[in-house]
Every structure is written in structure tokens, then in C-alpha cells.
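*Asks:* Starting from the known structure of chain A, fit chain B onto it as the hints suggest.
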Amino acid sequence: MLVVPFLICFPFLVSILMFCIRVNKVRNAIAYISALVIMGGVAVLVIQWIMGGQKPIALYYDTHIVDMIMLGAELLLMVIVTILCFKYKRYWISLLTIVPTLMLAWLELFGPETERINHIYIDHLAILMCIIVGLIGGLIIIYAVGYMHGYHHHHLEFQDRRYYFFMLLFLFLGAMFGFVLSSSLNWIDLFWEMTSVCSFLLIGYTKTDEAIENSFRALWMNLLGGTALAVGIVYLSLTYGNLNLQTIVSRGPYYNSITLCIALFAFAALTKAAQLPFSKWLMGAMVAPTPSSALLHSATMVKAGIYILFRLSPAMSGTTTGMMVAFVGGFTFLAASLMAIAQSDGKKVLALSTVSNLGLMTACAGVGQAETLWAGVFLMIFHAISKSLLFQDIGATENAMHSRDVEDMHGLIYRLPRLGQFMFIGIVGMFLAPFGMLISKWSALRASVDEGNIILVVFICFGSATTLFYWTKWLNKLISSTEEGPIKDITKRNEMISLTIHAGLMVALCILFPLLSKIYVEPLLSEMFGTAVSVLPQSLLYVLVIIIMVVFLVPLIAYRYMKRIRTNEKPSYMHGVNEGDNRSFTDSFGKPKELVLSNWYFKNYFGQRKLMFPCSMIAAAVIMVMLSVIVGGALL
Amino acid sequence: MTSVISVICFLVLAPFVGGLLEGLERKISARMQGRVGPPVLQPFYDVRKLMNKQTIVVNKAQTLLIVTFFILQIFTGCLFYAGSDIMLCFFLLSTGATFLVFAGSVTYSPSSTLGANRELLQMMAYEPAVLLACVGFYLANKTFNVSEIIGAHNSSILYLPGFFIAYVFILTIKMRKSPFDLSTSHHAHQEVVKGITTELGSRNLALYQITEWYENVFLLSVLGLFIVNSNPISYVVAVVVVLAVWFLEILIDNTSARVKWYVLLRVTWIVTSLAAGINLLILMITRRKLL
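For the protein sequence lines, the chains are A and B, in the order given.
So the number in my numbering is just where the residue sits in the first sequence, counting from 1, plus 429.
So the number in my numbering is just where the residue sits in the second sequence, counting from 1, plus 9.
Among the clues, some could well be false.
Claimed, not checked - Calculated lysine-lysine pairs in the DSS-like style (CA-CA distance at most 25 Å, straight line):
#1 B/K62 / A/K999
#2 B/K69 / A/K999
#3 B/K203 / A/K999
#4 A/K999 / B/K58
#5 A/K1032 / B/K269
#6 A/K1039 / B/K269
#7 B/K58 / A/K1022
Since the hints were made in silico from the structure, they are not lab data.
This is chain A alone, in the form it adopts within the complex (with noise of 0.2 Å):
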């Protein structure tokens, strides 16, 4: 198993490349070859796992210079975020790094001796992150080559550090591939903090004002959990002696110390999968150019912290630690989608619709059981493709018409045909396709149920509404008729090829999922759970079919039908006489007076402005008062 080694040191040797190279067209082949690479070793280590008999993995017992290794790259990570804090005048933030990092330094060098553990473990979970890190991360770099061209093309008041920003998307994916792949504890926490760091950097990228501040809020939130995450470390080597990640989860239920180890990790994965009341990061990470959204919305990042929670939820079913995180993500997943519908920014829309996803999927995580975690693999598998698309999306969409507003995009699918289309898909594959809509929230509430869990079924039930409602009016726009020419498509090649791919994957997801859930997702499920489960009954699943077959097909037909019958046009009406080009009508002064129409916002009943400070007060109390609860029963 060369590869596993080689997926995780690549992307960190190709970062340096990056820095050092300072021609564009020769970085820019470098990046699309490694990219190709990274996806191709993916590839390898999928084929070789297959081979194996899809059975989970353990690899490297005994790893003292490795870890050496490690600690030193801890170091040298706290002395940079340390530096840039003060420079910053920041300094309260450099004891988060501070403090953790040596707490884990005097562990590794003078903690007490523990079981002997295999640090890399390879199972149907990690290899499903693999590929969705390998393959959404590579093509985000395919696109990110021809959208930083033009991006320093329009921004000429920043300063161009393509170097500084390849490298930090390459070092970026190298830490995804060595979080998902190790089971070390001291491993996991070192790719965490390689994480945090990579996605502060990338968000100040533009070093203004507001670049930094939003990057040093990210900073301090994800610290904030890396440092929860050091001392859940520490207090479990201490008092029970091993950090492997897949013992603890196994022998979770039966130790008290394991207990409060597990509710600190979920406390830690809660800042990083941006829930309430740390949600702020994500929003503010929209400054930074469009790649490194799409890469921290969807292959990387926030899916590293719902990563960790699907890890532990086998652990967390049941428990006070459980029933907080389901709170959290319930209430996430609705007060983000009310707060969404008041945005008319399209990056905004979509930050906050993958907070409240990320909300749904931890509410999946935190009632634990194989039934929601079967629903929060496949909200992850469609929210990873969709976020990557509709991001990238938008971002071309800008660079043509320099807007990013919805309220622009009117008729955006006659204007920008491809582009519209491709939002189109992505949208619709997100909420309206059969699965996003019904199926999550049929086994997520099921589950609810049957775990007695009320307050998610509730949370599910209005959050639902709520999505239906921004995502439906964003659509709305999309389609709307309009007379306005078309706008030249300036799109770059690479950046199509990766868009087209990714509306490609997502319509094959839609109509294949029954079949992945089949071969895949169950298998993975009772890996974890040891039992054998079928989360999608048969009958329902010839009914999906049928279902697909009408949403997508009826309108193709009819489109084909239509095109050969003669239907009469006529304009519209207006409630005074149309002008002839349905855009403007005559008013009472006899003069043509031209029509707009805007989408409901409501922003004076659920504009962020009025709904996060509470949002975000109610569930740090939530946090604050089940931690205690837990913490004391543990120690107690």
C-alpha cells in the first residue's frame, strides 16, 4: 500500500513546487499534472482496496521517526500562526495554538507509554472521502487555473500570488487525504491544525480589511476546536492509554473517560462543520477568490468535521453527547435556511445553504443510528458534487456579468445558456431530484422518531419548508422569461470541462444512487455498525425510478412535442397596455414605464441581522450547558 504514503506526501512536495515556481504556464501544467495524479492515486488506492475484498485496513504499528516528523511539522505550524498573530495584533489567538501544541509535544516526549496502534486505517468511509476529496479537490484545481487567470485579469488592486494560493490549495488536499486516512489520534490532530491553518491563509489571501478579519475569525473558531481536540487527546492517553479512533468508537459506551473524550472530538467537528454559534467563519470565507470556496464548501474542510462525526456516531447513538450534536445540527439546519431566504447574494445563499445541509447531516450523525447516518453519507456524497458545482458556477457566472446577485440572474438559462444550465442542474440535483428532498428526510425522520428524538422532527419538518422556499425562488429567477440579449460566455475551457463534469456526475448520481446505496453505502454501514442494513425498501425504489423517469423525461418529451406543434404567443399582461416587448407598459402619463419584478426576501423577519445574534446565543447555551453536564457526569 505505496499509494497511501504517496497521497499524502505528493500534494505537500507539489505545494512546494507551487511556491517556487514562479512562471504561470509552467505552474499551471505542473497543477493540472498533479491534479490528474492525485485523482489517478486515488484511483489506485480504490482498485487496490477492491482487490483487497473491500475489508478494512490497519496499516503502520510501529512509526517513531514519522511522528517525530509530525511533531516538528506541529512546531513549525504553531510558530507560523504565532508570527501572524502578532503581526496582526492579534494576540490572544496564538495561545490556541500555543497551548495545545505543547500539551501534544509533552505527550509525544514525555507522556506515558500506550497500546501499540495502527496509525493509518483504510475502510469503505475513508476511501469514500478519498474519492470525494481527490476528485472534487482535483478538478477545483483543473478550474481554479483558468478562474485565477482571469480573476488577477479583473482584480489588478491585489496583488497576483498564484504561487502562495496553488500551494496552499495542494498542501490543502495533501492534510484532507492524511486526516481521512489516519486513525492515530496524534496524526489526526496534526492534519486538523494543518486544515485550519490552510483554510485562514487561503481566506486572507486578498489582505484586505475584511480578508483579514474574516480569516482570523475562521482562525480562532477552528483553533478554538483543535484545542478541545488537544485536550480530549491528552486526557485519553493519560487515563486510558490508546489513541486509535477506531478503538475508542468500538469501546466508546462502556468507559466514562472515553465519554467525555468523545463528546470533546464532536465539540471540536461542531466548529469545524461551521454549526451554530460558529458559523461565521463559512460566511465570512466568501471573500476569498471563488476556488477556495468551492474547496472549503465541499471536498474539504467542513467535511472533514462531519467526517469525524460519522466516525463517532456509532458512539454517540443515545447518548447526552449524541443528543447535543443532533440539537446543534437540527437547529443549524433550520435557522440557517430561514436566514437564507432573506439573501439575495448568490455566494451568500449558497454558504448558508451548506450550513444548514451541514446541520441536517450532523443531526444524522448525532442520533446515530445506521438509518440517519445512511442519509448524512448521501447528503455528503450530493452536497459535495452540487456545492463544487454551483460554486464554481457562480463564480463564471460573475467573471461574465459581473454579478453575483440572483437578482441579476434573471433569465439567466436564455442569457448564459450553459452556465444557467449547470446551476440549474445543481440546484435541482440538491433538493428537488428524488433524493435530496424525500429520501433524507424520510429516513432522517424515521429515525427521529423511533429514537423519540422530538425537537428534530420538528427542526427537520419547518427546516424543509424553508429550504424548499430559497432554493425554488432562486430557480424561479433562473427560468423567468426575459427579452434581454445574450451575454458573451467567457468562460475558459478548463474551467468548462471540470463544470461539465461535475453536472455530469450529479444527474448520473441522482439516477444511480439506488445502486450505490446497494453496493456502497450499505456495506459501509454495516461495517460500522456491525449489522446488516437496508435503509431503501424495494418497492420504493422501482417508485423512485418512475419518479426520475417523470421529472426528467416528461419535460424533455413535451419540449420535443412542443417544438413541432404551433402555439399562438402573445405578450403578457400588465395591468396597462404592454409595450409589445413584455418589459415595459404604457402608465398614466402616457409614457413607457419598464417593469421590474424581485423575489421575496424578508429581510426584516429573518435577515442574518436579526436572527444570528440569538441563533447563535441559543446554541452556544445549548453546548455550554450539555458539556458541563457531560463533563461532570465524566469526572465525577
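*Replies:* Just chain B now, kept in the frame of chain A:
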């Protein structure tokens, strides 16, 4: 076999039942207002006339969106009568309704687009109650399957009075009755003309009309599902209850004025969370005790 028969019955009979109910409704409304009112079969005459007219559209896409709406709504009812999953039925219903919203907003006509936005708001208002009703059925019968719910020993309403109230409440929205007929109204004095249906003409309007009939029959059937149990007499009771609720809706329609959107949203959500929420709480607590 029975499921095939009931699906065929639904397909054939639903438009007649729906049309007849609408005719009767117009008659009753007229009598409430002291008018004679149109003949009971008037809705059928209207649809026949619309069918024979030339199709005029603002945007060609309208027709195909309305056709999709039509097919999905009928499919919803078929699934219900085939005894399938109730949550699946409501999911399809919402998907279909989304296509209607698309058909309204694709035109960029002011009344139609406003109507479409309002329709969307109404969907947001009633969706929680609908989903909670599904959860209620699951709690009462341990299954989402209609075929198993109707075979239960006790009527679901014994466990689900709160859910029933919430469902009746949102039925006012779903059946486009005043005070909640924001998106389009059966009455002629709508401030946005005919709202979402303003730009639908001739065959498209006829199709929309027939779809509404199917939809109403489906919605009232779900109402009946609260009553029905393994005892055949319960079916008679169900029909009586459905007709009583239907009459109540007409009464409400004729005695109340249209409200603003935030009143609609607020009142619906409050009623949903109070009626269905408290019912849910009680059910879950008692269930846990039983376990």
C-alpha cells in the same frame, strides 16, 4: 389486485368527483350569498369549452411545465390509492406544485409572477403541517404505508387529533380558500387578477382545472385516512367527516377576508407547532412509556 382496481377507480372517478364537488361548492357559495348560482355541472361545461379553444401562451415553456404538474399530481393520487408510502405521496405533491410555480414565474408577467411567489410562500407555510401529519401516521401505525394504515384496528384520529386540526387548517391554503387564497382565488376580485393562473389560457387552464380536481380528491382522501380503520363502517364515517370539513371550508371561504402574507405564515406555523407539536409531544412520551 385491489390496489390496481382502486388506482383505476381513482384515475377515472376523481375528476368527476372533483368537478362535482366544485359545482356543488359554487352552488352552496351562491346560496350563502343569496344568489341562485350556476348549474352543478357548470365546471364541466367550462372545461369543455376551454378544451376547444386555441392555445395562447406567453411563453412556450408554460405548456410543458403545466403538463408535468398535471402528471405528477395524478401520480401522487395513484400512489396513494395504490397504498404506497404517504410521505412519498406528499413529496410528489410538493414536486408537482413546484412545477406550477415554475409555470407561473416563467412568464415574467407581473400578476403571474406575484402569484407564483405567493404560491411558494404558501408551500412554505403548509409544508411543516403536511410532514408532521406523515410523522403522526407513522407514530400511530408504525408505518408510512397507506395500505397498512387503513388496516389498523383503531382510527388514527384517536391518536392524532392535533395533527388532524393542523391538517384541516392547511387544507384551507391547499384548497385555495379565503382567507388564505393569496396566490390565486376562486373569486373574481383578486388584487393580482387571477394570480398564478393569469397567463394560463384555454387548454392549459383546462389542464390546470382538472389537476386541481385530482388534487382536491387526493387531499380529502388523506383527510379520510385519519378516520378509516379495518372496520368497514369507518369508511362511511370518513365520507361524512370529509364532507363536513369540506362544508366548513366553504363556510370559512365565504365569511373571511384575505389576509396578508405574514399573517398567513405566522398563523399557520403557530397552529402547526401548537396543535401538531403538542400532539407529537404527548404521543412520543406515551409511546416511550409503553416501550
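*Asks:* All hints are to be evaluated individually against the structure, with a verdict given for each.
*Replies:* Structure-based check of all given hints:
Under the criterion of a C-alpha separation no larger than 25 Å, the hint pairing B/K62 with A/K999 is consistent with the structure, at around 15 Å. For a cut-off of 25 Å, the pair hint linking B/K69 to A/K999 stands: about 10 Å separates their Cα positions. With a C-alpha separation of about 17 Å, the suggested pair B/K203 and A/K999 falls inside the 25 Å cut-off, and the hint holds. A C-alpha spacing of about 20 Å is found between A/K999 and B/K58, which places the hinted pair at or below 25 Å, so the restraint holds.
In summary, the hint linking A/K1032 to B/K269 is supported, as the alpha carbons are separated by about 17 Å, within the 25 Å threshold. For the suggested pair A/K1039 and B/K269, the alpha carbons sit about 21 Å apart, so the restraint of at most 25 Å is met. For the suggested pair B/K58 and A/K1022, the alpha carbons sit about 36 Å apart, so the restraint of at most 25 Å is broken.
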